[in-house]
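Protein chains: 2
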Amino acid sequence: MKILVVGANGQIGKHLVSFIQDSDSLEAKAMIRKQEQASFFENLGAETAVVDLEGDIESIAKAAEGVDAVVFTAGSGGHTGADKTVMVDLDGAVKTIEAAKLAGVKRFVMVSSFDTTRKAIQEASSSFAPYVVAKHYADEWLKRADLEYTIIHPGLLTNDKGTGQITAAAEVGRNEVPREDVASVIVASLENEKTAGKESQVVTGTTLIKDAVQSV
Amino acid sequence: MKILVVGANGQIGKHLVSFIQDSDSLEAKAMIRKQEQASFFENLGAETAVVDLEGDIESIAKAAEGVDAVVFTAGSGGHTGADKTVMVDLDGAVKTIEAAKLAGVKRFVMVSSFDTTRKAIQEASSSFAPYVVAKHYADEWLKRADLEYTIIHPGLLTNDKGTGQITAAAEVGRNEVPREDVASVIVASLENEKTAGKESQVVTGTTLIKDAVQSV
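Residue numbers (numbering that gives the first Met the number 0), protein chains in the order written: chain U, 0 to 215; chain C, 0 to 215.
Just so you know, these hints were derived from the structure itself, not from any lab.
Among these hints, one or two may not hold up.
Said to hold, decoys possible - Ranges between beta-carbon positions, derived for each pair:
1. C:GLY172 - U:ASP145: 31 to 41 angstroms
2. U:LEU101 - C:ASP51: 36 to 46 angstroms
3. U:GLU170 - C:ARG143: 25 to 35 angstroms
4. U:GLU192 - C:GLN20: 58 to 68 angstroms
5. C:ASN174 - U:GLY54: 25 to 35 angstroms
6. U:THR206 - C:ALA168: 50 to 60 angstroms
7. C:ASN174 - U:LYS118: 35 to 45 angstroms
8. U:ASN158 - C:GLY103: 11 to 21 angstroms
9. U:ASP145 - C:ALA168: 28 to 38 angstroms
10. C:GLU122 - U:LEU101: 17 to 27 angstroms
11. C:GLY196 - U:GLN36: 39 to 49 angstroms
As the list claims (entries may be wrong) - Some residues of chain C that are not near chain U, with every Cβ distance over 12 angstroms (derived):
12. GLN10
13. GLN20
14. ASP55
15. THR84
16. LEU146
17. THR157
From the three backbone atoms N, C-alpha and C, an ideal C-beta is built for every residue, glycine too.
Could you put together the complete structure from these sequences and hints?
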């Protein structure tokens with residue numbers, strides 16, 4: 000099963016490509032923005048595709064040709080302004096969804112934000128709200144896209160080493176979660192068809208990732 | 000026929016409420032952000048509702064209760080950043096659409112931007128693109144909302160006096176159009192059920208507004 004990882008050069012993306020390459024049943028195709036980012040993934044034995052997420056749908060669809068699933072884990076990053084949030088977190092995500100459809104790829108895993116509900120938008124600070132809005136519409140677009148989607152809503156991301164244990168459900172208490180464990184959740188979701196059509200919040204916890212993903 | 004004008008205190012909005020109040024068949028309810036904006040509309044004999052477009056859907060729906068149509072002509076304005084573009088032009092528009100549905104109002108007229116297509120997003124400058132994206136998703140949301148929508152895509156807005164004559168079609172050459180004429184186009188659209196389910200670009204031209212709207 001070949002997985003196109005959009006946002007492969009991000010912090011979750013790098014863990015994810017590494018875990019995919021370690022898996023027996025999966026192989027990764029890393030979508031990256033610049034050629035000079037390729038060596039990291041080539042060293043893992045992964046295929047790469049250099050595509051700018053701010054480009055058109057067709058160029059993303061070309062990268063998605065022949066893969067079995069697409070993972071969207073790109074993010075504009077907290078240090079950029081609302082303009083990049085709009086272009087990457089919203090429009091980049093939607094273009095990737097449309098590209099998957101165009102390439103005939105049915106399976107789609109979205110790395111979202113912890114809470115992208117209407118309530119979260121209304122309660123967000125004025126500086127954070129545009130990001131929540133962008134992720135909200137990306138998630139909504141995916142849910143209406145007639146794809147086999149899984150939406151993962153991770154808690155506060157840390158660079159701590161993964162514990163391999165999480166709590167996952169439609170609603171969980173806000174807590175931290177290591178990026179490494181989020182990458183493991185994505186792999187477990189790709190390996191479990193039962194997660195199609197589902198979304199869940201994910202924080203660090205006491206259940207083995209595989210079991211937590213199975214029980215969502 | 001009572002019309003809720005969202006963004007009434009904007010430049011198009013003020014012309015629009017004035018024209019609605021001059022019409023025999025229409026009456027306006029001006030949705031404004033601050034109480035001190037009310038006197039302009041009260042002097043026109045129009046009802047007012049003080050609602051912040053950054054508030055929740057329910058408060059907008061309350062303003063929409065009992066009206067026959069909603070016009071969205073609010074805009075963050077060119078001088079604000081992408082954060083306000085997200086919150087007003089995208090999320091404010093979508094909340095107004097959801098509010099119309101909640102209040103059982105079927106008719107919805109959207110004042111959009113001249114070109115909100117995918118092509119326009121890809122060709123826009125990096126500073127303008129977030130605005131095009133915001134208007135694109137607002138339009139898309141409306142088209143999928145099961146409302147009797149009309150989307151007006153005006154050309155470059157000016158404060159020139161209206162000529163009463165326009166060119167309107169799915170695609171027209173880019174040109175200027177006085178805000179006063181856009182307000183007249185909105186009134187003509189509200190008065191012509193044939194415009195439901197349609198969108199058109201509108202620039203200054205040589206056809207009487209009523210005739211141009213009828214032929215779209």
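These are the hints, each one checked on the structure:
The supplied range of 31 to 41 angstroms is met by GLY172 of chain C and ASP145 of chain U, whose beta-carbon atoms lie about 37 angstroms from each other. A hinted range of 36 to 46 angstroms for the beta carbons of LEU101 of chain U and ASP51 of chain C is consistent with their spacing of about 39 angstroms. A hinted range of 25 to 35 angstroms holds for the C-beta pair GLU170 of chain U and ARG143 of chain C, which are about 27 angstroms apart. Roughly 59 angstroms separates the CB atoms of GLU192 of chain U and GLN20 of chain C, a value that falls within the hinted 58 to 68 angstroms.
At about 30 angstroms, the CB distance of ASN174 of chain C to GLY54 of chain U agrees with the hint of 25 to 35 angstroms. Checked against the given bound of 50 to 60 angstroms, the beta carbons of THR206 of chain U and ALA168 of chain C, roughly 59 angstroms apart, stay inside it. Between ASN174 of chain C and LYS118 of chain U the CB atoms are about 43 angstroms apart, so this pair conforms to the stated range of 35 to 45 angstroms. Checked against the given bound of 11 to 21 angstroms, the beta carbons of ASN158 of chain U and GLY103 of chain C, roughly 50 angstroms apart, lie outside it.
For ASP145 of chain U paired with ALA168 of chain C, a C-beta distance near 32 angstroms keeps the hint of 28 to 38 angstroms intact. For GLU122 of chain C and LEU101 of chain U, the Cβ-Cβ distance of about 20 angstroms falls inside the hinted range of 17 to 27 angstroms, so the restraint holds. Here the CB-CB span from GLY196 of chain C to GLN36 of chain U is close to 46 angstroms, well matched to the stated 39 to 49 angstroms. The claim that GLN10 of chain C is not at the interface with chain U holds, since no C-beta of that chain comes within 12 angstroms of its own (minimum 24 angstroms).
Distance check for GLN20 of chain C against chain U: the nearest CB is about 33 angstroms away, which clears 12 angstroms, and the non-interface claim stands. With a least beta-carbon separation of about 5 angstroms from chain U, ASP55 of chain C fails to lie farther than 12 angstroms from that chain, contradicting its non-interface assignment. Consistency note on THR84 of chain C: stated as away from chain U, yet its beta-carbon is not over 12 angstroms from all of that chain's, at 7 angstroms minimum. No beta-carbon of chain U comes within 12 angstroms of the beta-carbon of LEU146 of chain C; the shortest separation is about 16 angstroms.
At the 12 angstroms boundary, the C-beta of THR157 of chain C stays outside the reach of chain U, the nearest C-beta of that chain being 26 angstroms off.
Hint check: violations occur at hints 8, 14 and 15; the rest are consistent with the structure.
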